[in-house]
Amino acid sequence: MHYFLTVFQKDGKLSLNATFEFDNDEEAIAHGRQRLEEENCAAMTHRLTRSGKLLIFQR
Numbered sequence: 017m018h019y020f021l022t023v024f025q026k027d028g029k030l031s032l033n034a035t036f037e038f039d040n041d042e043e044a045i046a047h048g049r050q051r052l053e054e055e056n057c058a059a060m061t062h063r064l065t066r067s068g069k070l071l072i073f074q075r
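Each position in the sequence shown, counted from 1, maps to that position plus 16 in my numbering.
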């Protein structure tokens, strides 16, 4: 399944726009959280989605 991780700056510009594939949501969520930490984006507004389903969201 395709997953999309998007991180926004306060002015609305994109800081990170990544796609990846995993077999299930749990693996994708774990990878998304790890990637946010690696990119120092965990405190920024972000979302992880799959086929329109919101899996992670922080504002």
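Source of the hints: derived by calculation from the structure; they are not laboratory data.
Careful: at least some of the hints might be erroneous.
Taking CB as the label site, the calculated pair distances span [what the hints assert, rightly or not]:
| no. | residue 1 | residue 2 | range |
| --- | --- | --- | --- |
| 1 | G68 | E43 | 27 to 33 Å |
| 2 | L70 | E37 | 16 to 22 Å |
| 3 | M60 | D39 | 26 to 32 Å |
| 4 | F73 | D27 | 26 to 32 Å |
| 5 | R75 | D39 | 27 to 33 Å |
| 6 | A58 | G28 | 17 to 23 Å |
| 7 | D39 | A59 | 25 to 31 Å |
Beta carbons: idealized from backbone N, C-alpha and C, even for Gly.
A quick look at each hint next to the structure:
1. At roughly 19 Å, the beta-carbon separation of G68 and E43 lies outside the given 27 to 33 Å, and the hint is violated.
2. Checked against the hint of 16 to 22 Å, the pair L70 and E37 passes, with Cβ atoms roughly 18 Å apart.
3. Evaluation of the 26 to 32 Å hint for M60 and D39 yields a pass: the beta carbon distance comes to about 27 Å.
4. F73 and D27 have their C-beta atoms about 19 Å apart, which leaves the hinted 26 to 32 Å range violated.
5. Between R75 and D39 the C-beta distance comes to about 29 Å, which sits within the given range of 27 to 33 Å.
6. With their beta carbons about 19 Å apart, A58 and G28 fall inside the hinted range of 17 to 23 Å.
7. Range check, D39 to A59: Cβ separation about 29 Å, and the 25 to 31 Å hint holds.
In terms of the numbered hints stated before, the structure departs from hints 1, 4, listed from lowest to highest.
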